[in-house]
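There are 2 protein chains.
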Amino acid sequence: MSLRGRTLPIQVGSVVIGGSEDVVIQSMTNTKTDDSESTLHQMKSLAKEGAGLIRVAVPDKSAVESLPFLVRESPVPIVADIHFDYRLALESITAGVAKIRINPGNIGSQEHVKQILQSAKKHGVAIRIGLNTGSVGRVKNRGRYAMKLLGEYIDFFEAQSFHQIVISLKSSDILTTIKMNESCARKYAYPLHLGVTEAGIGQTAVISSAVGIGALLLKGLGSTLRVSIAGDPLTEIPVCKEILRATGLYHVGVKLVACPTCGRTQVDIEALANEVKEKTAHLRESLTIAVMGCVVNGPGEAQEADFGICGGKNEGLLFARGKIVRKVPQDKLVDHLLVLIAETIGVTK
Amino acid sequence: MSLRGRTLPIQVGSVVIGGSEDVVIQSMTNTKTDDSESTLHQMKSLAKEGAGLIRVAVPDKSAVESLPFLVRESPVPIVADIHFDYRLALESITAGVAKIRINPGNIGSQEHVKQILQSAKKHGVAIRIGLNTGSVGRVKNRGRYAMKLLGEYIDFFEAQSFHQIVISLKSSDILTTIKMNESCARKYAYPLHLGVTEAGIGQTAVISSAVGIGALLLKGLGSTLRVSIAGDPLTEIPVCKEILRATGLYHVGVKLVACPTCGRTQVDIEALANEVKEKTAHLRESLTIAVMGCVVNGPGEAQEADFGICGGKNEGLLFARGKIVRKVPQDKLVDHLLVLIAETIGVTK
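Quick mapping for you: the protein sequence lines, in order, are chains X and L. Using our numbering, read the first sequence as starting at 1 and increasing by one per residue. Using our numbering, read the second sequence as starting at 1 and increasing by one per residue.
Worth flagging that the hints you see were computed from the coordinates, not collected in a lab.
Covered stretches of chain L (in silico footprint by chain X; criterion: 3 or more residues with CB under 8 Å from a CB of chain X, positions within the stretch not fixed):
id, segment
1, 127–139
2, 173–187
3, 205–214
4, 240–246
5, 249–259
6, 298–304
Cβ-Cβ distance ranges computed for the label pairs, FRET-style:
id, chain 1, residue 1, chain 2, residue 2, range
7, L, G19, X, P75, 47 to 57 Å
8, L, G19, X, E278, 43 to 53 Å
9, L, K313, X, H251, 39 to 49 Å
10, X, R144, L, H282, 29 to 39 Å
11, L, E285, X, G253, 40 to 50 Å
12, X, S14, L, D155, 56 to 66 Å
13, X, G137, L, I345, 21 to 31 Å
Derived pair list, reagent style DSSO-like, types lysine-lysine, alpha-carbon separation capped at 27 Å:
id, chain 1, residue 1, chain 2, residue 2
14, X, K148, L, K219
15, L, K323, X, K140
16, X, K219, L, K140
17, L, K332, L, K279
18, L, K313, X, K61
We treat Cβ as the ideally placed atom computed from N, Cα and C, and that holds for glycine.
Okay, chain X solo, but in the shape it has when bound (with noise of 0.2 Å):
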C-alpha cells in the first residue's frame, strides 16, 4: 500500500481527503471575497471543471460575511485561507466553513491558536497547517527550520487532542519541497496537500507543478493538490487532471496517446489527435486511444490501447488492442474509430 493509502481519512464537509480515498483536486478562486456573486460564479466554474474542494481568501471582515452565503450556494465545501488575524478563523468556522488553512506561525499567539482549535473541534472543521518556506523567516535552512516548526505546531495541535489535519509543505524550490514531504510523510499520518507554490506563470508553472508534484504522487504521497498558475484558477484543474493521469491516479475518459510525429509519418498527427480528442471529450469511460503515424508499427506499439487508428498515404487502418480491425479510407478514419467505439462500449454519440 501507498504512504497515501495509510493516512488519516480527513473529513471536510462531504468530502474526504486521506485513507483510501481519491486525490482530492482544490483551485482557490481569485475574484474578492466579498464579491459574493462572482466569487459563486467562479466556484461553480471551478466545481463544474472538476474541483473537488474550493479555497477563498478570507482577508477581511468583509470577506467572512460573505461566507455564510457562499457556504450555502456552493456545490463543493469551502476553505477558507486565513493569515495573521485569529479572529477571521473563529468567524470562519462560525460561519460555516468546511475547512481553514492557516500557518499557525502567523496567526498570533498560542492561546489564539488554542481557541481556534476549540472551535474547529466544536464545529467539525478541519484545519490545513500551511507552510511555506517562504514564510518562516530570515533562517539558513529554511526547509529543516520549517519542519521544526511543523513538529512543534502538530504537538500543540495533539496537546489540544485535535487531529483533523492535512498538512502543506511548500517552497519555490522542488526538491526542497520533496524533501519536505517525504521528511514529514515519514513521521505523521495526516494527509498531505501537494503543490509548488510561486511556480511562475504559463508554461513554466504547468511544467514546475507536474515534475514537483508529480514526483511526490509517484512516491506515493499526497491526498489533494492544487497546481497554483498566476491568472484564471480555472486553467488549473486540467492540470490537476493531467497530472493525476500521468501518476495513475486519474482514469475518467479517454487517454490520447499520439506518436511523435517525425520524418516516418505521412499523415498531420497533430490535426488527427486533435481531431480523435474533441470528438471523444463526451466520454466518460476510461479509454486508451492512440494515433499513430505508422502503419506498419503503430498497431503492435500501441498495443495497449483499447482503439486506435494509423494513418497512411491514403488508407489508414483501425485497430482494437493491437489487433487490424480494418482498413479505411484516410478520410474516414475519425469516423470508422468512433463508431466502432459507440458498438464496443454500448455508447450511442
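Position chain L against the provided structure of chain X, taking the given hints into account.
Showing chain L alone in chain X's frame:
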C-alpha cells in the same frame, strides 16, 4: 554524486553525453529527410532554440543521400534514426553521422548487428539502443521482457568490444518507464536517454513528459532527454529547458517565480509577470526574479529571489534578496526593476 555523474561519458561528435556533463537537450526533425533544405532549415532553428543534438529519420536510401550535406551544414551533431534495414545504418555511419539510434531487435540478424558495430567503432560513431515496450512484441510483462532483451543486446555489444552506447527505455506508461530506467541504471554504466513515448498532444504531452522525465532526473538519472510533442519540434526545446530548470539542472537566464493570484492580490500578477518575462528574455545570467502580489508578505516570501517586485494598490515595492530597495509608483515597477538589474549585474539594455 548522482548516478548520472557516474555514467560513462560517451562522445557523440562534438558533444559528450554522460559523466559529469550537462544533460543534453535533443530534438528530432519532422521534415522529410530527403528534403535536405527544409531539414537543414529546421535543424538550424532547433539548434538556435537550444537543441544540442538532432535526430533525423532515415527510412530509406534517399534520406541517406541527404546526410552528407546535413552533416556538413548542421550546427550540431546528427543522430540517424534507423529501423529494419541494417544497410541504412551502415550507410548513415559512412555518411558521417555522430550517432545512430537502432533497436537491435528489429535491424536484422546478429551478423548484421555485428557489421554495424564494427563500422560504428571504426568511424567513432555512438549507438543509442532504443527500446520501446511497444516494439517488443506480444508478451505479458513487456517492461520486464524489454529489460531481458536489453541485457542480451548489451552483452552482444560488449562481446564485440563496443562501448560507445547510450540507452533509452520507453513506454507510454510512465510508471513502467521509470522502473525500467531505474533498473537499467543499477546494472549498467551507460548514460540514459530519457523520454516518454506517445506522450500525447499539446498540454497532455507536456505534462506527461514533465512528470515522467522530471521524476527520473530527480532520481539522478538521465544524461540526455527528448520531449516528444506531436507537431512542430521547436515547441519541444522550451519544455526540455523548463523540466531541467525545475529539477535544478538548467541555470541559463531568468527563472521567474510568481505568486499565484488570490483574493488578497491587488494587481494583475499574470500581466506583470508576462511583462517581466518578456523584458528580461535577453539576459543569460542565472537570475531568479519574483513577481509578488502582496506588499506585506512578498519580499519575505521571495527572499531567495535575486530581485523582485511587489504590486500594491498605487505603489509597489522593489526588493532584492528579501530586502526592500525602494517604493515606486505601480506603473513604474518594471522599469525600476530593469534598471536595478542592469546596475547590479552591469548589463546595459
